[in-house]
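One letter stands for each residue in the lines below.
There are 2 protein chains.
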Amino acid sequence: MARKPAPKPAATGTKPVGKLPDRDVKTIGKLVGLSDMVAKRSMSGKDPLIQIPLRTKSNTNWNKKKGILEMGDATADRPLFDLKTAKQFMQTMLHASTIKDLIEEGKTSSLRGVFYKAKHTVAGTKENTFDTQDESDPILEDLEVSLGALREELHIFAENRGTLVGNITLVDKGDEINARRMGSGGWGIPSIVEPDVIRFGKCEAKFVLHVEKGTVWNRFNEDRFWEKHNCILTHGAGQPPRGCRRLLQRLNQELKLPIICVLDCDPWGHYIYSVIKQGSISLAFESSRLAIPEAKFLGIRAKDYDECDLGDAVKIDLTENDIKRANEIAAYPWFAENRHWRKEIELLLKNGFKMEVEAMINKGISYVTEEYVPERLKAKDWLE
Amino acid sequence: MARKPAPKPAATGTKPVGKLPDRDVKTIGKLVGLSDMVAKRSMSGKDPLIQIPLRTKSNTNWNKKKGILEMGDATADRPLFDLKTAKQFMQTMLHASTIKDLIEEGKTSSLRGVFYKAKHTVAGTKENTFDTQDESDPILEDLEVSLGALREELHIFAENRGTLVGNITLVDKGDEINARRMGSGGWGIPSIVEPDVIRFGKCEAKFVLHVEKGTVWNRFNEDRFWEKHNCILTHGAGQPPRGCRRLLQRLNQELKLPIICVLDCDPWGHYIYSVIKQGSISLAFESSRLAIPEAKFLGIRAKDYDECDLGDAVKIDLTENDIKRANEIAAYPWFAENRHWRKEIELLLKNGFKMEVEAMINKGISYVTEEYVPERLKAKDWLE
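Protein chains in written order, with the numbering used here: chain A, 363 to 746; chain B, 363 to 746.
The shape of chain A in the complex, shown without the other chains (with noise of 0.2 Å):
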């Protein structure tokens, strides 16, 4: 990936970290070379500066070969002696500077977190540091692309989202989790699970059937899906959260397991599906550690309305704003090259209306879980 390299560490400078894991020494690195680099510049007579990559879109390149989307090497400054950039100088030293707190403390925080141990109102100003969560966010981003760490390497977390259950023994901070005997409620993906964080302990599941939502997860998990067709289950509740994302891909790697998805038949489902493959724009500069290249995606199917004869009701009439975003889609270069994605998004448009997982209810309680996927899998009938 075309990350921007990190600062060397420096020799000299912080507190003994070494207790703390490797990963964090790491970053503790990055972090006081970056610092050291603003010092070093400045001693020398020359403008305080930090240079922060750009998450534009005309910065994000869609690497065919490697089938993801990555960030390009394009960069922006940002001087400490200007008005524009000023204000956002001092936020990226703060946050730099509760990072490292954090790291040293062994612990983590929240995004919120972050924002509210960096505001306060400057001495001698009426001026805050930051007023909004707003302008605290993409600074954190600043500091991922810059330093060359992911956001939970940070010791940041967002909302954790999402749940498994399935073949697999996860220890998690010590605790062994069996998957097996998680019960109606299931394991809560947590939001970092780093490898020294999650590692992954005996695992007999083939693959992992990643649906959309839990209402759907709870369909398959009281149907003991994974059970009988050995697999892990997961969901992450929409638009899976970072941490999901980062398990998936883990699962995927680390123990080869194929991810196939279960999502709606619609743009938004398609959507979640490109971003579980391919990545995303805003975290183009992290497609290495979060996309999927090789992902499926299983169902629902447009055809699915006549082949398996689903009935009206589970149709849902595409609004213009759906067409809109289908189209959107369909240019996105993975679809557009790829022919079976092409008439997947053509017959959605041509049929006019959309399909929801819950939708196959129409069908029988359990149609979904004892039939479709199952046969679907059997076939191998999926995109890619």
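Don't read these hints as lab results, they were simulated from the structure.
A quick note: this is a predicted structure, and the numbers were derived from the prediction, not measured.
Treat each hint with caution, since some may be false.
Since the list gives no way to pick one copy over another, a pair counts as held whenever it fits inside one copy or between any two copies.
[Claimed, not checked] Simulated crosslink set (DMTMM-like; lysine to aspartate or glutamate; CA at most 25 Å straight-line): (1) K568 to E708; (2) K568 to D537; (3) K535 to E566; (4) K725 to D463.
Since the structure of chain A is already known, use the hints to place chain B on it.
This is chain B only, laid out in the frame that chain A set:
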């Protein structure tokens, strides 16, 4: 509780339900009773109709002695032969039939699933049974009240939301969940937590600490608060869903655990507390199975700004809407009649700002878990 007496179970007209749990046999009996009642009226030459208890503010009473909101006795007739109610009559019967199928098959479904199950075009017409889920959900609530059965007893679930860890073992559909060993993720609280799904095993915990958001829950879990203070730690991802509320109530009633809430110091935090404690108008018919009159509000308190020397960074100005909401909430009888709560809301309004739990990070990353909450617990300094 002034709940409508349920129709008597009928001896005939249903499939054998010998293998179903007692709870389900009872619910099936109520469903069959409802349809028998309609059938009998028709056979005796009267118009078929069902009576639906009114879920309006005017039919909601504050039972001061019990400390909960209750539904009154007022009902509305829903006759078949009336253009205004014919469709709703049909919808009620359709959903009753779906629910009977669900229970007999030992399965559950989501609100959306039940909507799809009933949605179809009436033969020979262009009329749909249901057009949107907005029409469907209230019909299910009608059935809950008419039958005197919780939605969970009708085998219908909502999105799962909320997480639990702590010094307790739960048995979830036969799987033993050791909530002391759930790592950073925790056990996902299911939507249906009735005793035939979730049983309580060994429990050392002396209370439940319920926090508003997953991000705050992460802070408390990371600091092993539940271990140090021998409790159970839950969150409901904002306004807690029914599953979470019902579980808290069961922990309170069956295991006699105090429920202690740590919520934001704003009208939304007060409202969440009010719903946990007293129930809500829209669900007043099931307050007796959801409300926890003795739940406590530990913080954040309006006095904390001074008392804990929090600093200006924690302040967020009250909006006009906040002020309006605060005044509305102050008028709830259980707050209006409680001088401590009157004072609390007055001080919030006098302060002119709200404070979030996450803002406490200003005093240190673990200030809230290591100083604030332990000190308040020790002093029993909370509102009731």
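Hints breached by this structure: Those not satisfied come down to hint 1.
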